[in-house]
Amino acid sequence: MTIIEAPASPTLRGRAARRAPGTGIRTRLAPWAYQAPVVLSLIVWVYGPLVFTAALSLLDWNLTSPSGSFVGLRNYRRLVEEPEFPAALSRTALYVLTMLPFATVVPMALAIMLWKRPGRTSDVYRSLLFLPVVLAPVATALTWRFILDPLSGIVNTVFGEIGLPQRDWLGDPSTALWTISLITAARFVALNMLLYGAALAALDRRAFDAARVDGATEWEITRHLVVPQLGGTTVLLGFLCLVFAGQWTFTNIAVLTQGGPVGATDNVYYRLYTYAFTFFDAGTAAAAAVTIVVLLTALFGASSLLRRRRAQS
Amino acid sequence: MRSRDPGLAALAGPAGPPAPPAGRDSPPDPPDRTGLPGRGARSGWAGGARGAGRHAVLALTAVGVLFPLLWGLSGSFKPGTDVFDANPLPIPATLANYRFALEDFPIARLLLNTFITAAGVTLLQLGAGVLAAWSFVRFSHRGQRVVLAMVTVALVVPPQALIIPQFLMISHLHLRDTFVGLVVPQLSTCALAVLLLREHIRSIPPTLLGAATLDGATHGETLRLVVLPLLRPALSAVAIIVFITTWNEYLWPALAAPSPEHTTIQMGLRLFSNQEGPDYGPLLAAAMLATLPVVAVYLLASRRITDAFLQSGLR
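Chains as they are written, first to last, in the working numbering: chain X, 22 to 334; chain R, 65 to 379.
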């Protein structure tokens, strides 16, 4: 028998009293009922597939045949031994590195500029600078293909006029990866500009006013008072860049280069997609997926450790 | 599936109407604007030069990041052979590209599909999201932390890592090329909506919720009569974010609805570009038709969205 142990407040009416915590099966099931749609959906479409992928990675299975055979860790060994996957892994790291300044320094500078002079112009700039985040990715990628067209695209036309080298930006292995990076970077700049803006909005302006009265220059205030307070945000955004740089390049790679030329723009996400839907090699694709998830988990652990240590100091 | 960018998410930030945390200065309020410290001191030549430099940097960056949109828009109005013309303005302008795109490919149908899908996913995520977010705030039980962790981790699981099982499921359930197949699985991308709504509900003063309980309201009644009315601005911000993200989703439609009649506009553009090859006029027109509705929705709400976000106090 469950009895309400806490002395009921005199204002509690009967109905509320009956529903005090811990009473009856209905009350105990209520939280689960509220969470059921979300939890079920996550189990069916995220966590179930994740477990299924781990199991698949131990099979040799061509997606078109009815069933596969158990091969242990052979798929993983293949990933490590064949050159494509390690190469894709290091190119993924390269994507992250090239995008890191666009995820941290550039948006931080823009956000500080907007924050220093609040007002209507800053609001307009902020709205415009955020737009790349809402632009349809496939449409934007196709427009870039038009802009970068090797024969008559505007970039090569202008470069020709002013005497700069004309190139097949997306078709030349030495420029393709940087081009994809720059195209994708606009999204990071746009999003993180706003995230830095939110962090800046939470700062207390009076400290900066005091420094100004004491004769500090704008640059000194920015450099010594504002930027250090954005450290936590920078660590967080750096980590998000690590996680999303590879994923955000995916659509651009799929639309613009399909990983080419000669694998120059391939990253782990596109490689996985290729294993699965070009070669129908479910086992290897699943092994790649597991490897990616494990690496991300390790990085996530490292970053939360870093954040905790920062918070302590 | 889909890359649930934390991005768009961000733009909601707790826009919660109730009780902005004390001690924070909300940037866009008028006294702050005019009483900008140090502004007077810098009037004159040096201040002017500095202001001009700032405008130059901001304007150049804005043109830089928006260049594909602007150039694509202008190109879409240039007649056939002039599409690569270096003149930024489309003179002479023509609507032929748009007419051709709409006649040559089921673009209108694709836009309708995308709208239905995005609206369906938005309703589903908002409905399920509010219930879950509410239960996180209201109940504390042992499973709570586990469920919250499940939701949070789902945010960073790369969608590409799940494509094989998801593809097999959607095929075996015979849901490929159906709206159910497009919409229902995308409920699993609700992590962002749930976490944002949870923050908003948490910012409702507990005394309000307590008062409702004392008056004998059940959990469901408190949600319906107290929480939802207060949550309305946050709900609309989250709805816009989910709608735009789903509109822009590419990976899931590519898996779940591969055919041109049944897919959404992002996958459709891809198919259209395969068909058109290097004929850029109609392609740009289709790209603009896919982009402009979302840009319009954003521009209508942008001030409110960015403001709401700036006041969220995210760290």
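Be aware that a few hints might be false.
Chain X is nowhere near these chain R residues, computed Cβ spacing over 12 Å in every case [to be verified]:
(1) GLY117
(2) ARG118
(3) ALA160
(4) HIS238
(5) PRO269
(6) PRO297
(7) SER323
(8) VAL358
Covered, in the sense of this in silico footprint (three residues per stretch, anywhere, with C-beta under 8 Å from a C-beta of chain R), are these stretches of chain X [as the list claims (entries may be wrong)]:
(9) 50 to 64
(10) 71 to 78
(11) 136 to 149
(12) 169 to 182
(13) 262 to 272
(14) 313 to 322
If you're looking for bench data, these hints aren't it; they were derived computationally from the structure.
The structure presented is a predicted model; accordingly, all values stated were derived computationally and were not measured.
Ideal Cβ placement from N, Cα and C applies to all residues, glycine included.
Verification of the supplied hints:
no. : hint       : result
1   : GLY117     : violated (10 Å)
2   : ARG118     : violated (6 Å)
3   : ALA160     : holds (17 Å)
4   : HIS238     : holds (16 Å)
5   : PRO269     : holds (18 Å)
6   : PRO297     : holds (17 Å)
7   : SER323     : holds (16 Å)
8   : VAL358     : violated (5 Å)
9   : 50 to 64   : holds (count 10)
10  : 71 to 78   : holds (count 4)
11  : 136 to 149 : holds (count 10)
12  : 169 to 182 : holds (count 6)
13  : 262 to 272 : holds (count 7)
14  : 313 to 322 : holds (count 4)
In the structure shown, a violation is registered for the earlier hints numbered 1, 2, 8, in ascending order.
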